[in-house]
Each structure stands twice: as structure tokens, then as C-alpha cells.
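Respectively, the protein sequence lines represent chains C and S. Just so we're aligned: 75 in my numbering is position 75 of the first sequence, and the numbers increase by one with no gaps anywhere. Just so we're aligned: 397 in my numbering is position 397 of the second sequence, and the numbers increase by one with no gaps anywhere.
The set of hints was computed from the structure by calculation and includes no laboratory data. Watch out, some of these pointers could steer you wrong.
Unchecked claim - Now the stretches of chain S that chain C is said to cover, found in silico as 3 or more residues with beta-carbon under 8 Å:
#1 43 to 51
#2 138 to 145
#3 236 to 243
#4 283 to 295
Even for Gly, the Cβ is constructed at its ideal location relative to N, Cα and C.
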Amino acid sequence: MPRRRDAVVRRGLRHIGRAVSEQRAMFTLALLGSSLYAGMTVASAYVIGGITDRVLLPSFDDGATTGAALGLAALAILVVAVLKIVGIIGRRLFAGIMSYRLMADYRRRVTGQYLRLPLSWHQRHPTGQLLSNANSDVEASWFFVAPLPFACGALVMVAITVVALVLTDPLLAVVGLVVFPLVFVINAVYSQVMSPRMERAQQLRAEVSEIAHESFDAALVVKTLGREDDEARRFAVKADELRDGLVAVGRVRGLFDPMMEALPNLGTLAVLLVGAERVADGATQAGDLVSIAYLFTLLALPIRAIGWVLADLPRAMAGFDRVTPVLQATGEIPHGPDAAPTGETGATVALRGVEFRHEGAPRPTLQGITFDVAAGRTLAVVGPTGSGKSTLAGLLVRLVDPDRGTVELDGVDLRTLREGEVSSQVAFVAQSTFLFDDTVRDNVTLGGDFTDEQVHEALRTAAAEDFVARLPGGLDTHVGERGASLSGGQRQRLAIARAVIRHPRLLVLDDATSAVDPSVEARILDALRATDHPATVVVVAYRQATIALADEVVWIENGRLVARGAHEELLAQVPGYARLVRAYQPPEADAAERETAGAQA
Amino acid sequence: MLPKDRGAESATATLRRGLRMMPEFRHGLPLTFLLALVATAGRVVVPIAVQQTLDRGLGAPGGPDIGLVRELVAICAVVVLVTGVAVYRMNVRLFRTTETALAGLRVRAFRHVHDLSVLHQQGQRRGSLVSRVTSDVDQLSVFMQWGGVLGLVSLGQLVVATVVMAVYSWQLTLLVLVCFIPLGVAVKFFARRLATVYGLVRERIGDVLAAVGESVVGAPTVRAYGIRARTAARLDRAIDRHYRASVDAQKTTAAVYVSGEFVAAVANAAVVVVGVWLGIGGHISAGTLVAFLFLVTLFVAPVQTASEVLNEAQNAVAGFRRVLDVLDTEPDVQDPAVADPEHARGLPPGPLDVRFDHVGFGYAPGARKALDGVDLAIAPRTRVAIVGETGSGKTTFAKLVTRLMDPTEGRVLVGGVPLTEVAFASLRERVVMVPQDGFLFDASIADNVRYGRPALTDAEITAAFDELGLGDWLRGLSDGVRTPVGQRGESLSAGERQLVAVARAYVADPDLLVLDEATSAVDPATEMRLTRALDALTDGRTTLTIAHRLSTAERADEVLVVDAGRVVQRGRHADLVDAPGPYAGLHASWRRSSGRQPEPVV
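Assemble the whole structure, with the sequences as input and the hints as a guide.
So this is what it looks like as C-alpha cells:
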């Protein structure tokens with residue numbers, strides 16, 4: 001237990017050190033402001049004491065005073081106050097800038113990692129977690145920074161006070177030497193007791209959020225199976241746990257707050273007690289007593305700032321502990337030094353002994369896949385549900401790298417290409433489309449340099465021109481978050497337009513027309529066929545019309561390439577393929593064919 | 001349909017509304033307030049002690065009276081300790097009450113959200129609904145644990161300090177109040193300014209979250225299109241704008257804070273000058289004057305505290321309002337067993353028929369109707385396929401039959417009973433829909449299948465997969481029915497997820513089964529095997545199937561062709577396929593895409 005306590009304190013100090021060293025300039029400025037504030041706070045107490053001794057008491061005794069004395073007293077109060085205000089502004093502003101800079105900086109680092117890390121990393125981390133890493137965890141990591149200079153200033157203030165106490169009256173100084181260390185001890189104990197409770201509350205918050213996310217995402221299933229009350233019960237159990245956790249946090253805080261408030265008050269009373277005797281003995285002046293009592297009152301707030309920092313440190317470290325793995329994650333998809341071969345025609349594609357296994361999966365998703373696609377040819381990838389087709393598509397555009405073997409474009413291993421080279425040659429339309437919260441035009445161009453003419457042409461190819469023309473703002477229509485204002489089929493067509501506008505040398509379509517009506521799909525396929533620059537096309541498909549577009553078909557089953565050839569060849573040779581492709585042909589038709597055959601025989 | 005915008009509602013109105021919806025909150029409130037009173041009263045003890053020490057202890061007629069000072073200090077120390085205990089008790093009571101109330105609010109809001117159609121009609125708003133029961137409530141709780149108590153005590157402190165000052169000297173009290181008048185006037189302006197700047201900060205953090213969300217959810221697109229730099233630039237812009245808004249807000253808060261400090265200094269200076277003058281006139285003692293200087297610090301603290309907690313308070317009130325708005329939104333569809341228990345009924349036993357009586361439905365008033373004037377009857381035990389172009393109204397049809405929504409015109413009857421009178425317990429047991437996106441929970445396949453029937457054993461579930469012709473697929477998985485499906489079922493492919501969803505509906509054993517594109521991502525061979533198995537197994541039940549793969553229509557007892565919200569054709573596939581009308585066209589393009597050559601056009 002002592003070891004652990006030690007570790008928490010040391011880690012907390014290291015975390016503070018990290019904040020200070022990363023924002024040295026801002027911290028220094030804030031600390032200067034805070035020190036000015038501290039000095040002026042002590043000064044203001046002595047001004048009050050001095051006024052008591054030199055103006056108040058004499059004039060009350062004498063029954064008279066001078067305007068000059070009163071004016072000087074008022075001026076002294078105001079001058080000290082103005083300097084104090086300068087200190088406060090400096091402290092608050094620079095401390096604010098310091099903490100917001102740290103947050104912005106870490107948000108950039110975290111999101112930079114999101115963009116850098118490979119997809120396999122993304123698949124291992126739930127979306128909600130990544131969102132909170134970039135948002136609330138970063139915020140929690142640096143929230144304590146805002147009162148940090150204040151707390152450091154408070155330390156300065158305590159130091160000045162102790163010195164002043166010793167100079168004024170050694171016996172009164174003893175009171176301070178009892179009260180101040182006690183403040184630190186209570187603070188330290190508090191952060192010890194609070195830290196695990198805070199962590200637990202944070203954990204429970206995350207769990208409550210997970211249930212809410214899952215349950216709301218499952219709304220249709222919950223509702224159609226009439227499980228709303230069961231879901232509410234499941235949620236209530238966690239919500240109650242969270243409530244208990246928060247009450248436990250509250251109980252500690254509820255005790256800490258009044259203690260921190262009572263301490264300076266008790267200190268003031270002790271000063272009065274000791275001080276009154278000293279004044280009676282003539283060892284000190286009434287004004288000094290007032291100064292010190294006033295100082296204790298003023299110190300109450302800054303000393304609490306120390307508490308704020310310490311109280312927030314456990315949360316900060318918990319947040320930072322969640323951010324750190326993101327920042328330290330490696331496994332960036334490595335890029336080589338080469339430029340991709342270019343050309344007017346389609347690219348040749350080759351897979352050599354490719355094996356790929358999802359992390360944690362008991363066996364490879366793909367194994368020993370080898371095939372070529374000649375330039376400008378179209379290859380259909382066909383296989384039963386769950387056979388590894390989408391993984392194969394991802395390998396072709398280097399969303400993932402194979403565990404074994406190579407994927408080659410024009411004979412060049414994708415891994416040797418510079419960053420951005422693959423996407424300059426290859427376009428990919430995924431099974432589930434993703435649109436940005438942006439205009440139709442930007443969703444097609446993705447910031448690339450394309451004319452409206454080219455956008456329209458791409459939309460025409462993707463059979464999207466008509467519906468885009470009907471949108472209220474045409475190309476400038478905002479599609480909403482994730483393209484929410486469009487139907488699934490419309491989103492898919494924009495995604496296809498996004499791919500074809502680039503005139504890629506390799507186009508990979510992963511079941512990219514599943515939400516499009518057959519008649520519309522036929523139009524898109526016709527347009528793709530009629531393009532002047534025939535790209536090499538790899539298409540994952542179930543529909544025969546899509547397959548019929550292909551020059552060749554590969555049949556994948558359980559992650560292995562079982563057969564390849566023309567559609568008719570596979571139909572004749574591969575029973576599984578024939579079953580899948582012919583699945584929609586009604587049994588009656590088979591019977592009719594057989595009858596015809598029988599009649600001829 | 002969405003929670004109403006109540007931006008104009010005042011904070012007090014929100015609080016009143018909130019108290020109505022959180023009965024737990026009122027529990028034991030009088031005692032808490034009593035404790036709060038004690039807590040604030042204790043705060044003025046120190047200035048009084050200073051005054052008494054100076055005037056009666058040190059300034060006693062016969063020289064300093066140390067005994068009196070000792071007594072005084074002892075009494076005041078007791079008061080300080082009692083105050084401390086009172087604050088502790090108050091805090092704990094307040095935390096316990098608010099957390100209990102908030103937990104209740106959280107659960108009620110959660111349950112209520114499940115009754116709202118926004119949840120399934122506008123999937124993109126789910127994230128914001130989640131935050132109603134998470135971060136919005138969290139914010140309230142954080143505020144209550146920190147700012148709430150502070151605010152309450154500060155307010156009391158203001159009142160008590162004023163009273164004590166008035167007892168000492170009404171003239172000086174008046175003077176202090178006059179000094180604070182400008183601040184009192186400015187507070188309204190400050191509050192508005194703070195609300196504006198922090199409103200901007202909230203908006204900017206929303207932009208940051210949206211940008212981060214795109215970079216995470218859109219990760220494959222970002223990589224496939226090599227737009228990392230562009231995405232990073234968008235993120236940086238959002239982060240930078242949030243940073244600048246935050247710094248601006250910080251400037252405003254600092255300005256508000258120091259204005260309190262400045263006014264306090266002016267008040268102190270004024271008290272010294274006027275106090276000395278009053279003292280010379282014999283109106284007040286030296287101790288009183290010094291005590292006043294202490295009391296002024298008590299007076300200014302609440303103003304400064306307010307500037308600190310105002311942002312939190314506004315966040316909390318805004319969040320509170322959003323949660324209450326959710327609770328105030330009437331569900332579009334209400335369970336008659338709850339809303340009107342006297343007229344609630346169960347569905348009749350046995351196979352169910354479906355009748356549409358002049359049914360019309362529009363998603364928004366004035367918008368083009370998704371269904372318009374639909375009259376039809378579906379006999380029990382029939383298999384009906386609903387076909388039509390995208391956007392023709394097929395899914396609306398499914399949602400009306402399962403009463404996910406109510407028609408805007410006419411009525412829907414199942415088993416002869418208007419759906420609005422069928423208790424949900426009966427309806428959800430007998431009528432089950434499999435949606436296109438059959439969501440899976442992060443659990444095993446078996447747990448997902450038994451979601452509607454929790455009592456089923458693993459063996460029964462394995463048997464169900466066998467009956468559906470999916471036994472081979474199941475055995476190909478690493479752990480059979482115990483295989484975990486991962487978050488949202490993402491360890492399975494889209495098609496496999498649909499297989500599990502169909503099995504889930506199948507074991508629920510409904511009398512009316514509605515399949516809405518339930519197998520759209522399944523490979524054709526598996527789909528055919530599955531639907532044939534379903535055909536055999538659902539014999540004797542009524543089945544409504546929506547599909548754009550017309551293989552379903554070919555085998556259905558009846559086909560309904562929907563176009564622009566109306567049923568334009570109905571009949572058997574064999575009759576419709578050669579008749580003039582939209583079905584022939586749909587079927588021709590289906591034949592073409594599924595590889596069967598179109599019949600030659602004569």
C-alpha cells in the first residue's frame with residue numbers, strides 16, 4: 001500500500017512536469033502572474049494591518065484624523081488591488097492558454113495517429129472509445145493545468161506568509177507552521193482516497209455509455225422483439241452502479257470541502273488567541289494581529305487551488321493513461337520509396353501466395369491466393385458468404401497488407417510504393433459506403449482538382465446525375481452527417497462516382513451496387529463498360545449481370561482460390577459456383593429445360 | 001417527431017419542469033436546506049470573532065481581557081466545527097439525492113427513447129440520443145457535485161453577510177451595497193456575454209467531434225483515396241477553432257472575475273474612509289470597522305464563484321433541458337396496455353390475417369406520402385412478396401404492419417383487431433420483423449439468437465440453425481453457437497450477420513413474420529437454401545417478404561407491386577409476369593441482372 005501511494009504521487013508529479021515542460025513559456029508567464037497575485041494578496045493584508053495601526057486606531061483614540069492619512073490609506077488599498085488584478089489576469093489568461101494549447105496539441109497528436117495507424121488497429125478499437133480518447137480523455141488529461149499556476153502561486157503565498165509570520169512574531173509563526181502542513185497532508189490523503197473511486201466512476205460511465213450505444217443501435221431489434229423493458233432493466237443495473245460510485249466520490253469530496261474550509265478559519269481563531277496574549281504582553285501590535293488574521297482569510301481560496309489540482313490529478317492520469325496507448329501505438333503501414341508505374345491503360349494486378357489472418361482469428365481468412373489480372377481486363381470475385389472476398393478487395397487497395405505473399409501492381413509490390421501512390425492509381429468502392437458531411441461535389445472530388453464537367457460525367461456514369469439534379473442545391477447540396485439525407489442506393493452511386501472520376505487504372509468494387517435497384521445497376525454497368533479508358537476492374541459480386549461483365553471469374557471458398565476461368569467454364573466445372581450463381585433460377589425452369597432436352601432426345 | 005426546440009425556456013422553468021420529472025429530488029429537501037442555512041451562517045463567525053477580540057478583548061476598558069478572548073475563540077471554534085459537520089452532512093445528502101434523482105432520470109429517459117421513432121427512422125441521430133442519457137446527465141452530476149453546492153452556499157453567504165453587516169452598521173452596509181450596484185447591473189450583461197462565448201465553445205467542440213468521427217468511421221475511405229492530408233487539415237481547422245473560442249471564453253471569464261476583485265477594493269477603500277469618519281463621530285467601534293473589511297471579502301466571493309460556475313451551470317441547464325425534452329416528446333406509437341388499458345386486447349390465437357383500411361402515411365406533414373390510400377387484405381397462412389423500386393414505400397408497409405409507426409390515415413388490422421388496440425406484449429410475441437440491418441449484440445451467436453426467447457438452450461439453437469439449412473455454416477465457425485460475434489457483430493461478415501438475425505426471428509416463433517430485405521447481403525445459394533427452409537418451416541404462418549431479389553416473388557403465393565406509395569398490381573407471379581404493368585419491367589431487369597437472358601422482345 002505505501003508503495004502504491006508513493007507511485008501515485010510520483011506519477012502525478014511526473015504528469016505535472018510533463019505539462020510544464022511542454023508549455024514552458026506559458027507556464028512561466030502564468031506563474032509570474034500568479035506570483036504577483038500572491039505577493040499582492042499578502043501585501044493587501046499588511047495594508048489592512050498598517051491602516052488599522054496607523055489610521056484606524058489612532059483616529060478612533062484621538063477622535064480626529066487627517067484627509068491625507070485617509071487618502072493614502074484608500075490609495076494603498078486601490079494600488080495593491082490593481083496590481084493584484086494584473087496578476088490575476090496574467091495568471092488566468094496564460095494558464096488558460098496553457099491548458100487549451102495542451103488539449104489542442106494532444107487532440108492533433110491523437111487524431112494524427114488515427115489517420116496514420118493501419119485499419120487493423122482501427123478494427124480492434126471501438127468507435128466510441130476512439131471518439132472519447134480524442135475528446136474527453138484529452139480534456140481530462142489537461143484540465144488540472146488551468147488552476148496549476150494558481151496552486152503554484154499559492155505555494156509562493158504560503159512561503160511569503162511563513163516568512164512574514166516569522167518576522168512579525170515567532171509565536172504566531174508556529175500557528176502557521178501547524179496549519180499549512182496540515183493542509184498539504186489533508187490534500188495528499190484526499191487524492192489518495194479519491195483516485196480509485198474516481199477511476200471506478202469513470203469506468204462505470206463508460207460502461208453505461210456502451211450499453212446505451214448498443215441498445216439504441218439495436219433499437220429495431222429491441223422493439224420488434226418487444227424487449228424494451230428488459231433493455232431498460234439492463235441499463236438500470238449499470239446506472240445504479242454508477243450512482244453508487246458517484247455517491248462514493250461525493251462522500252469523500254463532501255468531507256474534504258468543509259475540512260479545507262474549516263482549516264484557515266481555525267487558523268484565524270488560533271491567531272486571535274495567541275495574538276491577543278501577545279498584544280496584551282506588548283510583544284506585538286494589534287495591526288499585526290489584524291494583518292495575519294486577514295491573511296489567513298485571504299489564503300483560504302488559493303490554498304483550495306492546490307486542492308483542485310491534486311483532486312483532479314487522478315482523473316488526469318486516468319485520462320492520460322487512456323490516451324497514451326493511442327500515441328504509442330505503432331504499426332503504421334510502412335511505405336517504400338518508389339513511384340507507382342503509370343500509363344494510359346489499366347494496370348496489371350498480381351497476387352502471389354497471399355495469406356491473411358485477422359488478429360485473434362483462429363485461422364487465416366485467405367490462404368495461398370495466387371492470380372493475375374491482365375491490364376484492362378475485368379475479374380469477378382465470387383464466393384459464398386464469409387469466404388473472404390471483402391478481405392481480398394482490401395488487400396488489392398492496400399487497406400491491409402498480407403501476412404505472407406505479395407500484392408503487385410504492374411509487377412511492383414504495393415509495399416515498395418510511396419505513400420499516396422496506390423491511391424493515385426487505384427480506386428475502391430467499399431461494401432458500406434462512407435460519405436463526408438459535405439457537399440455532393442466535395443464528396444465526389446474529395447478535394448481533388450476536378451471541373452464540374454468531370455463531376456457531372458462521373459455522376460452520369462454512376463447513374464447518379466438524375467437524382468443529384470433533383471436535389472435542392474444540385475452539386476452544392478450538403479448530404480448531412482454520413483450522407484444521412486440520401487438513401488442507401490443514392491449513397492452507393494455517389495461512392496461509385498467518387499471512384500470513376502479519378503479514372504483509376506485499377507477499380508475495385510466490393511459488392512458496391514447491393515443497395516441499387518437491378519435496373520439502375522444495369523445502367524451503371526453499361527456505362528462502366530462503355531468507358532474510353534478501360535481500367536482493370538476487380539469486382540466482388542453475387543449478381544449474374546455483374547459477373548457477366550467480367551472476362552474471368554475466380555471462385556473463392558473458405559479463404560482459398562478454388563477455381564478460375566470464364567463464367568461458363570466455372571458453371572460447368574464447379575458445382576458450388578453453379579449452385580450459387582444459378583440459385584435464382586426457379587426449379588420449374590430446370591424442369592422445363594430437362595423436358596425440352598428429353599423431347600429432343 | 002424530434003424533441004421540440006425550447007431554446008427560449010428560462011433556467012427556472014427548466015428547473016421546475018425537472019423537479020416535476022424527478023420526484024426523488026424532493027425527498028428530504030427541508031433538512032438539506034436547514035443544513036445549508038447552518039453552513040452559511042457559520043461563515044460569518046470569523047469576522048465576528050475579529051470584531052469581538054478587538055473591541056471587547058483587546059480594547060476592554062481595563063486593558064486586554066485574555067479570558068474573554070479565550071472564551072470567544074473556544075465558542076467560535078465550536079461553531080466552525082459544527083458548521084463543518086453541517087456542510088459535510090449537507091453535501092452527502094445533496095449528492096445522494098441528486099445522484100439518485102439523476103439515475104432515475106437517466107433510466108426513464110433511456111426507456112422513453114426506446115419508444116421514440118426517431119431511433120429507427122433517423123439512425124444518424126442515435127449518437128445524440130445516446131448523449132441524452134450519458135454526457136448530458138453526467139454534466140448535471142458533475143455540476144451538482146461541484147458548482148451546485150458552491151452556488152447554493154455562496155448565495156446564502158451573500159445574504160448572511162449582508163444581515164451581519166446591517167447589524168453592525170447600516171451606514172457602512174449601504175455604502176458597500178452602493179459600491180456593488182454597478183456590478184449587480186453588470187452581472188446580467190456578464191451572464192449574457194459568458195453564455196455567448198461558452199455557447200460558441202460548445203458548438204466548436206461539436207465540430208471537433210464530428211471531424212474526429214469522420215476520420216474514425218471513414219478510415220477505410222481516407223486510406224483508399226489517399227486523403228490523409230485533407231482529413232488532417234479539416235481536423236486541425238476544427239481543433240484550432242475550438243482552441244481560439246476557448247481562449248476567448250477564458251478572456252471573458254477573467255474580465256468578469258477581476259471586476260469583482262476591483263469592486264471589492266473600491267468598497268474596502270470606501271469603508272476605511274467613511275468608517276473612520278463614522279468612528280470619529282462615535283457611530284462605530286474600531287473592531288466593527290475591521291470586521292467590515294473581513295465581511296466585504298465574504299461579500300465579493302459569491303460574485304467570483306458565480307463567474308466560475310456560470311459556464312458549468314449553463315452547460316448543465318442546457319443538458320438538463322435536452323434530457324427533459326426527450327422525456328417530453330410524446331412517443332409516436334403508444335402501447336395500449338399502458339395508454340388505454342381498458343381497450344387493450346391480445347391478438348386472437350391461430351394464424352393471422354392482415355388488412356389495410358384506406359391506409360396513408362407521410363413522414364412529415366405536407367411531404368409526399370410514402371403510402372397513399374392503400375386498401376388490401378392478406379389471407380392467413382399466405383406468403384406475400386412486396387416488390388417495387390427503391391423509395392416506393394415497401395419498408396413503410398413493413399413498419400406499419402409491425403406497428404413501428406401508426407398510419408396518418410386509415411387503420412391497419414391484424415387478426416381482425418386494429419393494431420392500435422393490440423397490447424405490445426401480444427403484438428411483439430406474435431408479429432416479428434427481421435430488418436435489413438439485423439443488429440447483433442456483442443455476445444455469442446447463441447445469446448443473440450435467444451434474445452427474444454431467453455430460455456432457449458444452446459442445443460435448441462443449434463437445432464434451429466440445422467432446420468434453417470445453416471448447420472454447415474455454423475459448424476464452420478470456430479466455436480459453433482458459442483462463437484462471439486464481436487461489437488455489432490463485426491467479427492461476422494454482413495451476410496453472416498443476416499443469417500443470425502433470421503435465426504433470431506425464427507426461434508421467436510411468430511405467427512406473422514415480416515422480412516425486410518433480410519437476406520440482401522447473403523450469397524444467392526445460401527439465400528435460396530435459407531428461404532426454402534423458411535418456406536417449409538413457416539408453413540401455416542403468414543409471411544410478408546420485401547426483397548429486390550425477385551426470386552422471392554417467383555415463389556410467393558401472392559405478389560404486391562408497390563409504386564409511388566400505391567399498390568399498383570397484385571396477383572401470382574405467373575399471372576403478373578406476362579401482364580402489362582410495372583412487374584413485368586421489374587422482373588425483366590431482375591432476370592437480366594441475375595443472368596437469365598431476357599425473353600426476346602417481339
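Exercise. Test coverage of the segment 138 to 145 of chain S by chain C using CB-CB distances below 8 Å; three residues minimum.
Key: holds (count 3)
Self-check item: Verdict on chain C covering the segment 43 to 51 of chain S, where coverage means 3 or more residues with a C-beta closer than 8 Å
Solution: Satisfied; 4 residues make the cut.
Quiz item: With a Cβ-Cβ cutoff of 8 Å, does the segment 236 to 243 of chain S contain at least three residues near chain C?
Solution: holds (count 5)
Quiz item: Checking C-beta pairs, does the segment 283 to 295 of chain S have three or more residues closer than 8 Å to chain C?
Solution: holds (count 6)
The earlier numbered hints are all upheld by this structure, with none contradicted.
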